[in-house]
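Engineer: Below, each chain spelled out in residue letters.
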Amino acid sequence: MLGILLVLLFFSPVFAQQELGVYEKLDQFIDDDIVFVDENFREVNIKDAIDKPTIVAMVYYECPGICTPLLNGLADVMKKSDLELGKNYQVFTISFSHAESPVLAQNKKRTYTKLVGKGDLENGWHFFTGDSLTIDRFLDNIGYKVKQEGDEFIHPATLVVLSPQGKITRYLHGTNYLPFDMKMAVVEASMGRSGPTINKILDYCFSYDPKGKTYVFNVTKVSGAIILVLALALLGSLIVSNRNKKTKNVL
Amino acid sequence: MTSTALKLNYLQVKKGLFSWIFSVDHKRIGLLYLYSLLTFFVAGVTLGILMRLELLNPGKDLMEAKTYNQVFTMHGVIMIFLFIIPSIPAVFGNFFLPIMLGTDDVSFPRINLLSWWVYIIGAIMALSTLMFGDGPADTGWTFYAPYSVKTGTNVTMAVLAAFVLGFSSILTGLNFIVTIHRLRTPGMGFLKMPLFAWALYATSWIQLLATPVVGITLLMIVAERVFGVGLFDPAIGGDPILYQHLFWIYSHPAVYIMALPAFGIISEVLPTFSNRTIFGYKAIAFSSLAIAFVGYFVWGHHMFTAGMSGPARIIYSIMTFLVAIPTAIKVFNWVATLYKGSIDVQPPLLYSLGFIFQFMVGGLSGLVLGALATDIHLHDTYFVVGHFHYVMFGGTGFAFFGALHYWYPKIWGRMYNKLVANIAFFIFFIGFNLLYFPMMIAGLMGMPRRYYDYLPEFHLPNMISTFGSWVLAVGLLLMLGNLIAGFWRKREKIGRNPWGTGITLEWQTLSPPPITNFDRMPVLPKDGPYDYDHKPDIKE
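Residue numbers (this note's numbering), protein chains in the order written: chain A, 1 to 251; chain B, 1001 to 1540.
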């Protein structure tokens, strides 16, 4: 039994690594030769295109789940922020579905250009698509693990912030971002400094298993009930039984 | 027994290390706790000062971001689990509860010793995370999932340490409950108990009921880290919000484990130095129980921004406001006790007044955070950090040091230099407010917590705060140095009642108390524990 436990203990990090999610690769650089196609059908080398702090949003354009809240959250914080798009920072939206085309990207860009309505949106926010090999390499570069199920993807909702040198300096998790967090991340990126994320609430687009949840609640309910019953029994016994006067009194 | 044997005090009976670490005498166990707690407190303060140094200027000064995260986690774990949760009950509860009840020990002396050993084992486990692997946890003391499930640092050991420390807390709580029910001296009904005993009674029930919940939660983290069971990590089907619920179901009542005993101390110190009965004895006693009860239903206010339905948020917010009622009852009664009292300003009273002032700031800023609209703005900012330091350090910390100054002559049979103690208090008090008030300002300006760096616009409050940390450190060193120096001062005659106006039973026995606590039967005042009109005439 102890042997099995030790083996499990030893391999547990390996099991965990295979799960979906974001595995932060702070301080690592993205590859030099990753080429995506932008909304104007132009081939763009991502590393070369990064000349200022860059926020990367990984989504797919026909996503029915959290991609829209993520992009809305991003658009919202861009609107609120006092940083200037195209000057202080730029945004890349990249699709991880190789089936999607620049036409879809163009439509998305049009929608979000209207939504944000400030800054140099033409040159400051690009929407990319690419082939499966490039996508896989880039996902690996930034520590993203996604999984395709039918036409849909199971994926996390996170923004990645890159320094002008193409170094990963911060991950912003969730679908709502504070202007402060964004400003801090851009300032950090411009200095090439990085910091791990502490307070993360991850939003996921994932198939939900209600059975698993029932099990969890049972554990807590049962243990809660046991604690309460024991405590009440203690109080009852202390109140009901007579005080023991023979012992412990002074002198 | 001969009268000489009765007068032999607990410090004189046996000598040597083993006579202490295996002692079942509640007084010695109380002191074991005191010495261990103060050691960890000094370590925690050092970490805190290092964090403030890092934050003196924007950008990296002293440490890497990850190191900073580990330092604030260690600071939190040490201060919460090793210092403030056990603090007053384990030290002064152990030492004085049996004496105040007029009995010779707690109900289960061996379990009492066990609780100290469990505490030490937990402490060693927590500190061992420094030595191996990827270093101590970097999650913050709350161990929020799913990060705590994924980080490579030694979270498993840190979490197990917190689990073990919880057991120590449960054992102490159990012991106090049974002692209070069974071992009160004849004639002392529940409503004739000192208020410190009432506070410990309410605290003990929280310890007993809430601590197992966090124990189970922490074990669930271990199960997820080691066996990959999907409980909290959404990537494997878990729910991170479930973790927050389970964690705060314990940890919010734990705030009252920290605060209630402090209320008990203040309720003892004020009558002594006002030389009059406490105002509203029953109101203070029952408000402790009310706080303990309502305190179970407010945990959701830690999670207003974490995903919670509107009605749930409103209910939690209302419940949070309800806690303010019994708390305010206490504060009004304390102030009414001082009114027209014959006030004698001594170091313990200064600490109690410092407590009332700072706890008010902490409590009122708590209402700002308990209100939904303002919490959305202030959640996870430095305002929260300022708020809880006012409650825990400004409140419980000050009460702890007040109690140390109050009972010092009783515990060791000596007196410290009162003038130095007063000076130390003022430096400590000023340093404290310089350190934490600017944090609340920075929070209002929007500075988030848990970063080793900040934007240039927050420089001024951070500079003042770091300067405050130095003043506070000077005050603390002077205070502790003065108490230690007291051991070498020329012994003056302390007597049974060194303050002259102490009325509870510990002031009827010798200083330091004999092994069996009393050399003669204690006499109860006629109408309750603070009946100054019928104060028993105790001869030396």
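Note that these hints are calculated values from the structure, not bench results. Note that beta-carbon positions come from the ideal geometry of N, C-alpha and C, so glycine has one too. Check the hints yourself; a few may be wrong.
[As the list claims (entries may be wrong)] Subject to a maximum C-alpha distance of 16 Å in a straight line, what follows is the list of computed EDC-like cross-link-like pairs (lysine to aspartate or glutamate): (1) Lys183/A with Glu1457/B; (2) Lys79/A with Asp120/A; (3) Lys52/A with Glu84/A; (4) Lys1282/B with Asp1531/B; (5) Lys47/A with Asp32/A; (6) Lys1060/B with Glu188/A; (7) Lys118/A with Asp76/A; (8) Lys52/A with Glu152/A; (9) Lys183/A with Asp1453/B; (10) Lys1493/B with Asp1531/B; (11) Lys47/A with Asp33/A; (12) Lys1066/B with Asp1134/B; (13) Lys1418/B with Asp1344/B; (14) Lys1066/B with Glu188/A; (15) Lys1066/B with Asp27/A.
[What the hints assert, rightly or not] Covered stretches of chain B (in silico footprint by chain A; criterion: 3 or more residues with CB under 8 Å from a CB of chain A, positions within the stretch not fixed): (16) 1172–1181; (17) 1440–1452; (18) 1461–1473.
[As the list claims (entries may be wrong)] Some but not every residue of chain A turned toward chain B, in silico, with C-beta under 7 Å: (19) Leu20; (20) Val116; (21) Ser223; (22) Ile227; (23) Ala231.
Engineer: None of the hints should be skipped; say for each whether it holds.
Structural biologist: Here is what the structure says about each hint:
1. For the hint linking Lys183/A to Glu1457/B, the alpha-carbon distance of about 12 Å falls within 16 Å, and the restraint holds.
2. Only pairs whose Cα atoms come within 16 Å are accepted, and Lys79/A paired with Asp120/A is accepted, the gap being roughly 12 Å.
3. Straight-line distance between C-alpha atoms of Lys52/A and Glu84/A comes to about 12 Å, which keeps the hinted pair within the 16 Å bound.
4. Restraint check: the Cα-Cα separation between Lys1282/B and Asp1531/B comes to about 14 Å, which is no more than 16 Å; the hinted pair holds.
5. Our distance criterion of 16 Å between C-alpha atoms is met by Lys47/A and Asp32/A, whose separation comes to about 6 Å.
6. Restraint check for Lys1060/B and Glu188/A: the C-alpha separation of about 11 Å stays at or below 16 Å, so the hint holds.
7. Between Lys118/A and Asp76/A the alpha-carbon distance is near 11 Å, which keeps this suggested pair within the 16 Å criterion.
8. Pair hint Lys52/A plus Glu152/A does not hold up; C-alpha atoms about 33 Å apart against a cutoff of 16 Å.
9. Of the pairs offered as hints, the one joining Lys183/A and Asp1453/B holds, with about 13 Å between alpha carbons and a cut-off of 16 Å not exceeded.
10. The suggested pairing of Lys1493/B with Asp1531/B is violated, with an alpha-carbon distance near 26 Å, which exceeds 16 Å.
11. For the given pair, Lys47/A sits about 7 Å from Asp33/A by alpha-carbon distance, which is consistent with the 16 Å threshold.
12. This hinted pair checks out: Lys1066/B and Asp1134/B have alpha carbons roughly 11 Å apart, not beyond 16 Å.
13. For a cut-off of 16 Å, the pair hint linking Lys1418/B to Asp1344/B stands: about 13 Å separates their Cα positions.
14. At roughly 15 Å between alpha-carbon atoms, Lys1066/B and Glu188/A fall within 16 Å of each other, so this suggested pair holds.
15. Annotation: proposed proximity of Lys1066/B to Asp27/A holds, straight-line Cα distance about 13 Å (limit 16 Å).
16. Closer than 8 Å: that is the beta-carbon criterion, and the stretch 1172–1181 of chain B has 4 residues meeting it against chain A, so the requirement of 3 holds.
17. For a cut-off of 8 Å, the count of residues in the stretch 1440–1452 of chain B with a CB near a CB of chain A stands at 5, and the three-residue condition holds.
18. Coverage of the stretch 1461–1473 of chain B by chain A is violated. Counting CB-CB distances below 8 Å, 0 residues qualify, and the rule asks for three or more.
19. Annotation: interface hint on Leu20/A holds; nearest CB of chain B at approximately 5 Å, less than 7 Å.
20. Restraint check, Val116/A versus chain B: the minimum CB separation of about 22 Å is more than 7 Å; hint violated.
21. For Ser223/A, the shortest C-beta to C-beta distance to chain B is roughly 5 Å, which falls under 7 Å, so the interface hint holds.
22. Annotation: Ile227/A was flagged as interfacial toward chain B, and the flag holds, the nearest CB pair being 5 Å apart, inside 7 Å.
23. Interface restraint check: Ala231/A against chain B, minimum CB-CB distance 5 Å, threshold 7 Å, status holds.
Consistency note: the structure conflicts with the earlier hints numbered 8, 10, 18, 20.
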